[in-house]
Amino acid sequence: MKSLLPGAERPVVQFENVGMRYGLGPEVLSDVSFRIAPRSFQFLTGPSGAGKTTLLRLILLSVRPTRGLVSIFGEEVSGISAKALTGLRRRMGVVFQDFRLLDHLTTYENVALPLRVQGRSETSYRAEVVELLRWVGLGERMHALPPLLSGGEKQRAAIARALIARPDLLLADEPTGNVDPGLGRRLLRLFLELNKLGTSVIIATHDFGIMDAVDARRMVLGEGRLRIEE
Amino acid sequence: MSAPATTRNQAESPSGPADPSLPTNLRRNAALVPTDTAAGRSLAAVIAILTFLAGLCAGAAEIVATNAGQWQGDVAQEVTIQVRPGPGRDVDADVARAETIAKSEPGIAEARVFSKAEAERLLEPWLGSGLDLSDLPVPRLIALKLADNRSADLKRLRTRLTEALPGVASLDDHALWLQRLSTAANAFVGIGVGMVILVLVATGLAVTFATRGAMAGNREVVEVLHFVGADDDYIARAFQRRFFGLGLRGGAIGAGLAILAFAVAGLLARAARSGPAGQEVEALFGAFQVGLRGYASVILIGVIASLVTGVVSRITVRRFLS
Numbered sequence: 331m332k333s334l335l336p337g338a339e340r341p342v343v344q345f346e347n348v349g350m351r352y353g354l355g356p357e358v359l360s361d362v363s364f365r366i367a368p369r370s371f372q373f374l375t376g377p378s379g380a381g382k383t384t385l386l387r388l389i390l391l392s393v394r395p396t397r398g399l400v401s402i403f404g405e406e407v408s409g410i411s412a413k414a415l416t417g418l419r420r421r422m423g424v425v426f427q428d429f430r431l432l433d434h435l436t437t438y439e440n441v442a443l444p445l446r447v448q449g450r451s452e453t454s455y456r457a458e459v460v461e462l463l464r465w466v467g468l469g470e471r472m473h474a475l476p477p478l479l480s481g482g483e484k485q486r487a488a489i490a491r492a493l494i495a496r497p498d499l500l501l502a503d504e505p506t507g508n509v510d511p512g513l514g515r516r517l518l519r520l521f522l523e524l525n526k527l528g529t530s531v532i533i534a535t536h537d538f539g540i541m542d543a544v545d546a547r548r549m550v551l552g553e554g555r556l557r558i559e560e
Numbered sequence: 182m183s184a185p186a187t188t189r190n191q192a193e194s195p196s197g198p199a200d201p202s203l204p205t206n207l208r209r210n211a212a213l214v215p216t217d218t219a220a221g222r223s224l225a226a227v228i229a230i231l232t233f234l235a236g237l238c239a240g241a242a243e244i245v246a247t248n249a250g251q252w253q254g255d256v257a258q259e260v261t262i263q264v265r266p267g268p269g270r271d272v273d274a275d276v277a278r279a280e281t282i283a284k285s286e287p288g289i290a291e292a293r294v295f296s297k298a299e300a301e302r303l304l305e306p307w308l309g310s311g312l313d314l315s316d317l318p319v320p321r322l323i324a325l326k327l328a329d330n331r332s333a334d335l336k337r338l339r340t341r342l343t344e345a346l347p348g349v350a351s352l353d354d355h356a357l358w359l360q361r362l363s364t365a366a367n368a369f370v371g372i373g374v375g376m377v378i379l380v381l382v383a384t385g386l387a388v389t390f391a392t393r394g395a396m397a398g399n400r401e402v403v404e405v406l407h408f409v410g411a412d413d414d415y416i417a418r419a420f421q422r423r424f425f426g427l428g429l430r431g432g433a434i435g436a437g438l439a440i441l442a443f444a445v446a447g448l449l450a451r452a453a454r455s456g457p458a459g460q461e462v463e464a465l466f467g468a469f470q471v472g473l474r475g476y477a478s479v480i481l482i483g484v485i486a487s488l489v490t491g492v493v494s495r496i497t498v499r500r501f502l503s
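So the sequences go chain by chain: S and R.
Residues in the first sequence are numbered consecutively from 331, following my numbering.
Residues in the second sequence are numbered consecutively from 182, following my numbering.
Simulated from the structure, these hints should not be mistaken for lab results.
Certain hints may be false.
Covered stretches of chain R, as calculated for chain S (at least 3 residues, CB under 8 Å) [unchecked claim]:
| # | stretch |
| --- | --- |
| 1 | 287-296 |
| 2 | 412-421 |
Chain R side only, calculated, beta carbon under 8 Å to chain S, not exhaustive [what the hints assert, rightly or not]:
| # | residue |
| --- | --- |
| 3 | 207 |
| 4 | 208 |
| 5 | 209 |
| 6 | 211 |
| 7 | 215 |
| 8 | 251 |
A few chain R positions that, by computed beta-carbon distances, are all more than 10 Å from chain S [what the hints assert, rightly or not]:
| # | residue |
| --- | --- |
| 9 | 213 |
| 10 | 281 |
| 11 | 284 |
| 12 | 299 |
| 13 | 326 |
| 14 | 339 |
| 15 | 362 |
| 16 | 387 |
| 17 | 396 |
| 18 | 430 |
Where a beta carbon is used, it is the ideal one built from N, C-alpha and C, also for glycine.
Please take these sequences and the hints and turn them into a complete structure.
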């Protein structure tokens with residue numbers, strides 16, 4: 331429910347003094363604090379190895395912080411149950427840098443996966459999956475298995491899979507890294523459109539061309555620390 | 182530039198192919214866990230072999246149990262009165278008296294007195310032929326056939342014989358033989374059942390290893406399924422479906438081969454039985470026939486192997502994920 335006071339809505343993601351290290355190694359992230367407001371759009375950027383992917387993994391709850399508090403959709407996640415975790419993940423869409431498409435499923439089946447695991451019947455989502463596939467230019471490739479797709483086609487299939495369930499939060503790791511500039515801009519417009527419809531968007535990217543095209547908040551990671559550029 | 186909006190609107194549309202231009206041959210619901218892999222085929226082969234062996238054990242146990250039952254029935258249907266000759270006694274009179282007592286007893290369908298010559302012939306296998314046994318006190322036998330309704334009171338018959346012909350007539354109901362036969366048959370059936378259980382346990386262990394291997398091999402599939410919102414139960418069901426399918430295939434092949442083996446062995450046994458040697462073998466060891474119950478137990482083992490496969494894989498996946 332929308333709050334009457336602007337800015338008083340529960341943040342979609344909230345980090346407070348989060349630190350993260352793998353095993354006994356050095357801290358990959360140190361004292362990271364930020365909020366992602368509902369319906370906001372931001373870029374996450376920084377040099378390679380700065381911790382962008384780790385930050386996305388923390389939001390996805392695939393790793394837990396070494397210290398600090400992480401709240402997703404208003405829920406503090408340190409002692410979260412498996413059922414609640416599944417519920418939170420169903421509200422997120424994610425585009426992996428390495429796509430993570432399932433090689434034994436067709437493009438259509440890969441894109442339909444988030445709806446299928448919700449227990450929906452295939453007939454109930456068929457039209458919307460096909461329409462989205464056509465929109466991202468994969469209408470003729472929906473039969474194809476991922477190993478037969480080009481890098482750009484895999485990228486688009488991964489984006490379509492992240493969008494199909496109309497998530498409240500979209501995380502995209504280098505989503506325009508493998509596509510030509512024209513298609514990159516088109517995909518960016520798609521993310522903006524989705525954002526206008528209410529989805530919070532975090533795009534991790536190195537691509538200044540994409541970042542300069544949109545007037546959006548930038549979260550800059552460097553040496554494990556986060557700087558926000560409004 | 183309105184794909185998400187369109188998508189949003191269509192989510193509420195009724196099910197069915199809204200777009201007639203949708204490809205009809207589009208593959209839509211393939212198994213989430215890859216099925217036709219080399220590891221899967223190997224597991225199905227292992228389950229088939231184990232089911233086949235378990236089926237053979239169960240069928241063999243069934244043959245023994247059936248034949249032992251028949252033997253016991255036949256032996257229990259007959260009792261024998263032994264009349265021993267004694268000094269100063271007329272053994273023919275004693276035999277006649279014992280026969281009269283036996284015939285007067287209810288539940289005795291038939292009494293057949295073995296003549297002296299017949300009794301002596303029974304000793305031929307041990308003493309050889311051509312001997313003059315007239316001086317030997319060869320006991321005389323009366324074979325009694327019991328009525329089918331088993332109403333004969335053997336205890337009373339034994340008492341009456343002991344009272345009428347003390348120290349001369351005795352009743353042998355073959356209880357010792359029956360007991361030994363029953364013990365041997367039960368032991369064999371027990372071993373058969375034990376082997377079936379062992380084979381099913383081995384199937385479970387093989388499936389555990391295979392599931393763990395499949396989980397490790399499909400780590401990325403599991404991770405992606407988690408990220409797109411599948412819970413552990415959904416993933417466990419996907420693996421269970423895959424392994425149940427493999428178990429069903431292996432179980433069906435193994436049980437089918439076991440049934441085929443018994444059918445072929447039965448036909449060969451029937452062909453061999455036609456000769457005199459075959460009849461002797463059958464008289465000694467019983468008929469080689471599995472029967473409906475045996476075939477049903479082989480099928481049941483196939484079904485149980487499939488179920489074990491499904492359940493064990495589900496438990497293994499749940500443990501792996503937790």
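Tell me the numbers of any earlier hints that the structure contravenes, in ascending order. 1, 8, 9
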